[in-house]
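Construct the complete structure from the given sequences, taking the supplied hints into account.
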Amino acid sequence: MLSSFLFRTSHLLTLLPYLLSVTAAMASTTNTTTIKLEPFTLSSPPGTDIWRKAPSHNAFNAPTHPSPLPTHKLSSFQRARLTFSLPPGTQLRQYDQAGLLLHLTKPGIPDEKTKWLKTGIEWYYSKPYISTVGCDAWADWSVVPIPSYTSNSSRPSATIEARREKDVLGKSLWVYWIIKREDGTEERIPLREVNWFFAEEEGWSVGVGGYVARPTKDGGDEELGVEFAEGVEVEVLDC
-7 MLSSFLFRTS HLLTLLPYLL SVTAAMASTT NTTTIKLEPF TLSSPPGTDI WRKAPSHNAF
53 NAPTHPSPLP THKLSSFQRA RLTFSLPPGT QLRQYDQAGL LLHLTKPGIP DEKTKWLKTG
113 IEWYYSKPYI STVGCDAWAD WSVVPIPSYT SNSSRPSATI EARREKDVLG KSLWVYWIIK
173 REDGTEERIP LREVNWFFAE EEGWSVGVGG YVARPTKDGG DEELGVEFAE GVEVEVLDC
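Note that this note's numbering has the sequence shown beginning at -7, numbered continuously upward.
For the record, the hints were derived by calculation from the structure and aren't laboratory data. Glycine included, C-beta positions come from ideal geometry on N, C-alpha and C.
In the DSS-like style, the derived pairs of lysine-lysine whose C-alpha atoms are separated by at most 25 Å in a straight line are:
1) Lys98 x Lys45
2) Lys98 x Lys65
3) Lys163 x Lys105
4) Lys98 x Lys163
5) Lys158 x Lys65
6) Lys45 x Lys209
Label pairs and their in silico Cβ distance ranges:
7) Lys119 x Arg155: 25 to 33 Å
8) Tyr87 x Ile27: 25 to 33 Å
9) Lys98 x Lys163: 14 to 22 Å
10) Asn50 x Gly176: 37 to 45 Å
11) Ala46 x Thr82: 29 to 37 Å
12) Thr33 x Asn144: 16 to 24 Å
13) Thr24 x Asp210: 43 to 51 Å
14) Thr82 x Thr24: 35 to 43 Å
15) Thr33 x Gly211: 16 to 24 Å
16) Thr63 x Ser134: 21 to 29 Å
17) Tyr87 x Ile170: 21 to 29 Å
18) Ser146 x Ile170: 17 to 25 Å
19) Gly212 x Ser48: 25 to 33 Å
Rendered as structure tokens:
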């Protein structure tokens, strides 16, 4: 009996790495749903923005599409992507912007203390930049030049994706600039890792959509119109 027991134990130990790998694969297999919103255009009047700066400035009045933003449980959110084009540079003014908005809300949290992330294109000192702003308590801002933009007669365009990722240190939201090549392949350029985004998920929801803002009123009352040629794509876990 002892020899039989030792044989069975040895056999199980031999299979253990395989069993663990199968279990891990099953645990990591998840079902998701991709929600696609149809292409749209969105316009914004002057005096609109999404920006929070100490000690007291707190603006959140930019038009969005859809409006109101459709919300999902933050714990189910996996990624969001959109493609958009601003008017030619000759029609843009300082701080004109558009792109992807992720708005975090929770019952009991006042509007002035909700969290958000916006990423897209912003016109800054006569040039377009890929712009990302994250707001936990206060907003921060980073910009990346667009080397391919060489003429103000052309339209600044971009594809942006924000997605949940995880490594050995934890989870975060990564923001990417997607460069589409002529052969159909894509290059994913990392813009920002946002480590606070999933730090607290219980009870939080995320609204996802496109936004357009024209903060400055200098230059008249003309609205900023932006084309979102591929709509919005959102991937969430199935409940």
